[in-house]
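**Q** Residue numbers (our numbering), protein chains in the order written: chain A, 1 to 152; chain B, 1 to 555; chain C, 1 to 98.
Take every hint as true, because none was put in to throw you off.
The list that follows gives simulated cross-link-like pairs (lysine-lysine, DSS-like), each with its CA atoms no further than 27 angstroms apart: (1) Lys440/B <-> Lys484/B; (2) Lys440/B <-> Lys87/C; (3) Lys147/A <-> Lys290/B; (4) Lys37/B <-> Lys165/B; (5) Lys440/B <-> Lys522/B; (6) Lys30/B <-> Lys116/A; (7) Lys116/A <-> Lys37/B; (8) Lys486/B <-> Lys87/C; (9) Lys37/B <-> Lys10/C; (10) Lys30/B <-> Lys10/C.
Don't read these hints as lab results, they were simulated from the structure.
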Amino acid sequence: MAEEIGTSPDEVQFRFRDGEPVDHAAVTVDSFLDQSNAAAVRIEPGDDARDLLPYLDRLALVEVNFPTFGDGRGYSAARILREAGYAGELRAVGDVLIDQLASMRRCGFDSFASDKRLDEDDARAAFDRWHDVYQPAADTRSPIWAKRHGRG
Amino acid sequence: MYLYDQYDQAMVDARVAEFRDQTRRRLEGKLSEDQFKPLRLMNGLYLQLHAYMLRVAVPYGTLSSRQMHALADIADRYDRGYGHYTTRQNIQYNWIRLEDAPDILADLAAVEMHAIQTSGNCIRNISSDHFAGAAADELVDPRPYAELLRQWSSFHPEFTYLPRKFKIAVIASDTDRAAMKLHDIGIQIVRNEAGELGAAFYVGGGMGRTPMIAPLISDFVPLDQLITYAEACLRVYNRHGRRDNKYKARIKILVHELGPDEYTRQVEEEFAHLLDQGVEPPLAELERVKGYFELPETLRYPGAGRDPALAESLDSDLRQNDDFRLWFERNTHSHRHPDHVSAVISLKPVGGIPGDASAEQMHLMADLAREYSFDECRVMHTQNIVLPHVRISDLRALWTRLEAAGLGSPNLDTIEDIIACPGLDYCSLANARSIPVAQKISQRFAASGRTAVLGELKLKISGCINACGHHHAGHIGILGVDRKGKENYQLLLGGSEAQDTSLARITGPGFDEDGIVGAVEKATDVYLANRAEGERFLDTYRRIGMEPFKEALYG
Amino acid sequence: MIVLTGNDLKSGAVVWWTGADWSVHVDDAVDVGDEADIITAREEAARRVNAPYAIEAARDERGVRPAHIKDRIRALGPTVRPDLTLKPAEPDIGNWVI
Chain A
1 MAEEIGTSPD EVQFRFRDGE PVDHAAVTVD SFLDQSNAAA VRIEPGDDAR DLLPYLDRLA
61 LVEVNFPTFG DGRGYSAARI LREAGYAGEL RAVGDVLIDQ LASMRRCGFD SFASDKRLDE
121 DDARAAFDRW HDVYQPAADT RSPIWAKRHG RG
Chain B
1 MYLYDQYDQA MVDARVAEFR DQTRRRLEGK LSEDQFKPLR LMNGLYLQLH AYMLRVAVPY
61 GTLSSRQMHA LADIADRYDR GYGHYTTRQN IQYNWIRLED APDILADLAA VEMHAIQTSG
121 NCIRNISSDH FAGAAADELV DPRPYAELLR QWSSFHPEFT YLPRKFKIAV IASDTDRAAM
181 KLHDIGIQIV RNEAGELGAA FYVGGGMGRT PMIAPLISDF VPLDQLITYA EACLRVYNRH
241 GRRDNKYKAR IKILVHELGP DEYTRQVEEE FAHLLDQGVE PPLAELERVK GYFELPETLR
301 YPGAGRDPAL AESLDSDLRQ NDDFRLWFER NTHSHRHPDH VSAVISLKPV GGIPGDASAE
361 QMHLMADLAR EYSFDECRVM HTQNIVLPHV RISDLRALWT RLEAAGLGSP NLDTIEDIIA
421 CPGLDYCSLA NARSIPVAQK ISQRFAASGR TAVLGELKLK ISGCINACGH HHAGHIGILG
481 VDRKGKENYQ LLLGGSEAQD TSLARITGPG FDEDGIVGAV EKATDVYLAN RAEGERFLDT
541 YRRIGMEPFK EALYG
Chain C
1 MIVLTGNDLK SGAVVWWTGA DWSVHVDDAV DVGDEADIIT AREEAARRVN APYAIEAARD
61 ERGVRPAHIK DRIRALGPTV RPDLTLKPAE PDIGNWVI
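Looking at chain A on its own, in the form it has when it is part of the complex (with noise of 0.2 angstroms):
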């Protein structure tokens, strides 16, 4: 039996899709490729996110720990799974700040557990701060240039 970690639930902060945070234990990305049939795993920086692409069918869950905020590895990770067609709760777990939350749901996150809670109102504000993007990312808004050529 693989060892568990990850959050739970009631852990979960803010959440962008419907139905109930998934409440499975998450395991390493090692423990999980070496065959265990858990069904959240959860992705610290030095693993390579690639390595659960033929999995992703039966993940309900992926946990992306950010074990200190200014390590950026996570932001790549969430979007390589979201671009290979990954469909099942994101979370970004550890070191989550306010002022990450909005490129972190930009790159697909979409549950967020930070270690410490996090002041609602200065977090809302984050989450809505841009009104328009640039690039286009993993989430499902239309970059300026699209908009700029009806494409919007």
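Given the coordinates of chain A, work out where chains B and C should sit on it, guided by the hints.
**A** Same frame as chain A, now just chains B and C:
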């Protein structure tokens, strides 16, 4: 030049609101300094030796007169009446209050400017050729591509917490005036054999403690894949760049450790994947942006040669005044339209602070840009200002007004035209002062009359290993170090940031402040004693090597 | 002596711990002995100072002189702009830094 539409304006306005909110949370104690620091840095706000310092982005170095006036107003209203133009074509203010910073950003936004991503581990302000759009030798104006990259990289959600800072330069001439190969990504717009425009990508250059010249990783990326290719370069770096050691975190180390071939292979793989992801703006967007960079109507159609009446007017001015002639010969650059030149305003008066300009001088430069240069000026990475499109018959009047304001120094590309970082007088990272060394050198050479004899000689001074003063790329470089609590200066020779990019080598043991001035003089003695006809200092050094210089300095 | 320095959070001005408050004049600095960590933690938490740190200094006939050139420049101002230092009337004040 580029003008914001309602989208661009809304983005900078939202950024001002965001930073106002972040500043409030910092002052209320909701954000610790550790949490706030990367946020303020991404808005160009440092904590320096004496106060906060604000670095304002000047995208590809281009400013309108209205923007230049606004920069002067900020110097007066929020700072101490001056600003410092940097080797990144930006401007920074040294005496900023945190409380004022959101208001300053709002003032900048009112003139379509910002301080976004002028620091932090993100994609920095995009730099370019200071003669872009004007130079006779360029293929196309590189700035539309830089603007496309500016928009793509602004608030890029995936690349805001890179392993380290990331600098991109775009040029479109075989003559490199932007130190392109010394950037994290250097892009040269080129034409292939089929006559199509595309982008050559050089990746993994840089200065700092481990200087490297960027290898070419793709000789031709089609223009409708430019952004996608840049995104692939960045994603490979974000995922695999080193994060265990700050000093090995720049992309140059990744490219070096993987080898250019393996890095390129990974980029090509990511690129192939990203081509299906729809990240590329349509060519119509490039065309829209290009429209803003169209030359003024009168400059668009160069005739066969110079208008005889204008040429005679210039010749007459040149005959009448030797000082004006010297300035014309040194400080102007040929324009694609023969009736015009690009004129360089030197911010290097003898004994002055390289790159500093008072608010008054900025106002004047703004006025001159409006009157003589189609409302446009440029910041050079050599810390001077360019008026890109000046009619030759207006030069005398322009020069007369520059002279009166202390801005007429005729010393472009001479030993007096020194690049110097702020050094220990202002910078908390510095180990030694740079500015006093620059002042003493320019005074020494101006007094001895040797400036003219030496011709082109690029001298660059950094006050620490981070190399903001580009010392690795100087024909003569000076690096300030801390030697047992005393300032000490190492001498380097043989660097270049032009198309013949090379990295300078250190001569040997360092010197104290007076000693380094004497050492520079000795190095120029060796050059004068050995130079062949037509050779610059750099050419002679490359021909005779380091030994004769070492012998003169230490023998 | 050990003195504490940092920057004022709002203005960014260089400040020195006087024993009761923060002053822009280095000569007001007091020896904090082995109390540096306690004072900096308390003052930073109260947001009365930003990025404080302790340095070596000596008191001589001219006042308090930080041991390192960087802190002497912080105490005075940029040596290349005497008009902007704290002692604009003393033209040779730059020598104090070196």
